[in-house]
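A.B. asks: Protein chains in written order, with my numbering: chain G, 78 to 183; chain D, 694 to 934.
Since the hints were made in silico from the structure, they are not lab data.
Check each hint, because a few of them may be wrong.
Taking beta-carbon pairs under 10 Å as the criterion, some of the chain G residues facing chain D (in silico) [to be verified]:
1) ALA115
2) SER136
3) ASN138
4) LYS142
5) GLU148
6) LYS151
7) THR175
Result set (EDC-like, lysine to aspartate or glutamate): computed pairs, CA atoms no more than 16 Å apart in a straight line [unchecked claim]:
8) D:LYS885 / D:ASP800
9) G:LYS142 / G:GLU176
10) G:LYS142 / D:GLU735
11) D:LYS797 / D:GLU895
12) D:LYS910 / G:ASP154
13) G:LYS111 / G:GLU159
14) G:LYS142 / G:ASP154
15) G:LYS173 / G:ASP124
16) D:LYS910 / G:ASP114
17) G:LYS142 / D:GLU895
18) G:LYS151 / G:ASP124
19) G:LYS111 / G:ASP154
Derived CB-CB ranges, DEER-like [claimed, not checked]:
20) G:LEU155 / D:GLU906: 20 to 30 Å
21) D:PRO884 / G:VAL130: 49 to 59 Å
22) D:SER810 / G:ASP114: 44 to 54 Å
23) G:ASN138 / D:LEU703: 17 to 27 Å
Built from N, CA and C at the ideal position, the CB exists for glycine as well.
Residues per chain, in single letters:
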Amino acid sequence: MISRIALFSAWLALIPVAAAAHAGHEHHVLGTIKTIDATHIVVQTTDEKTHEVKAVAISLNGTTKIRRGDEAAKRSDLRVGERVVVSVGTGKEPLKATEVRVAAQP
Amino acid sequence: MFRLLRALLLLIVAIVAAVLVTRWYTQRRGGFSARAEPSAFETAIALRARRLMMPADARSRTSPIPPSADAVRAGMEHFADHCAICHGNDGSGQSELGKGLYPKPPDMRQQRTQSLSDGEIFWIIQNGVRFTGMPAFGGGDEDASAQADAHAHAPADAHVHAPAAGEHHGEDEHHSEEDTWKLVQFIRHLPKLTQQELSEMERLNPRGPDEREEQEKIDDFLGGRGLAPPPAHSHGGRGDK
Chain G
78 MISRIALFSA WLALIPVAAA AHAGHEHHVL GTIKTIDATH IVVQTTDEKT HEVKAVAISL
138 NGTTKIRRGD EAAKRSDLRV GERVVVSVGT GKEPLKATEV RVAAQP
Chain D
694 MFRLLRALLL LIVAIVAAVL VTRWYTQRRG GFSARAEPSA FETAIALRAR RLMMPADARS
754 RTSPIPPSAD AVRAGMEHFA DHCAICHGND GSGQSELGKG LYPKPPDMRQ QRTQSLSDGE
814 IFWIIQNGVR FTGMPAFGGG DEDASAQADA HAHAPADAHV HAPAAGEHHG EDEHHSEEDT
874 WKLVQFIRHL PKLTQQELSE MERLNPRGPD EREEQEKIDD FLGGRGLAPP PAHSHGGRGD
934 K
């Protein structure tokens with residue numbers, strides 16, 4: 078009993094109350110694939126308000142998911158000029174892709 | 694009497710010592726932040742304490758819901774609606790909310806969760822885990838228990854209502870025991886989750902009006918509709934991020 082109380086009190090003191098975290102928004106980059114290699118994808122995108130066309134470079138890594146429609150795909154399946162939606166987490170620079178999604182094959 | 698006093702004194706000394714050690718340790722690490730990862734020592738104590746505090750009969754409890762694809766599917770829909778916001782659709786814990794919690798939700802595909810008994814997983818969902826972000830989802834009502842038992846004894850082709858995705862129970866967010874047992878089956882299925890199931894879950898994740906609009910915009914864009922190019926950055930939300 079004493080050991081249980083001691084263990085519980087140690088746990089109580091050592092473990093802080095869980096803090097409610099702010100749910101961040103997932104940011105997306107929508108555009109067409111300009112270039113793609115093993116570590117980066119460059120997406121040509123246009124700002125809806127200013128109509129400014131710009132190229133956005135986003136890094137890819139081993140954990141980046143690639144999807145064609147609902148199916149898992151490979152980086153080599155992506156083609157230049159295809160419409161793409163890249164999820165970039167919080168959108169903080171430098172941009173890192175968590176997911177690259179293209180439309181399902183027609 | 695003397696033994697009780699000695700135990701009380703020991704307890705007070707242990708608490709004071711633990712508080713002082715914690716203060717010293719956290720000051721060195723820049724203060725309490727939910728972004729930090731718990732140390733291996735803290736994790737080991739927390740897991741041990743959770744096990745000690747769980748009623749012994751809860752661990753050996755078995756599911757009254759027979760394993761089936763329908764039960765896994767119902768669990769999946771429920772998970773996408775209620776759990777994925779912290780745990781991620783894939784159970785990895787890699788959601789925006791999950792990454793900001795202390796302690797972080799575990800990767801439920803791994804041994805740490807999969808080695809728990811069905812009864813332990815059920816008990817955790819129903820009762821939550823103190824000092825973590827895991828709330829108690831069980832309502833503890835006898836009707837729910839009776840419903841689960843009735844299901845277990847119903848003929849195989851009997852229809853039992855399972856809440857559809859996005860179907861809420863009015864203002865009562867409690868799970869019935871039946872829901873929870875189906876969640877247990879789904880958690881067992883997590884290591885084998887397919888990309889198709891993940892995509893389906895994304896569509897079932899709860900969304901606000903802005904997120905729904907964002908998802909429609911993405912679907913339209915990928916579908917080749919909408920000639921106007923979209924903005925470079927826009928907001929959206931997914932459970933498995």
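A.B. asks: What hint numbers does the structure not satisfy?
C.D. replies: Numbers 1, 2, 3, 6, 10, 11, 12, 15, 16, 18, 21, 23, in rising order.
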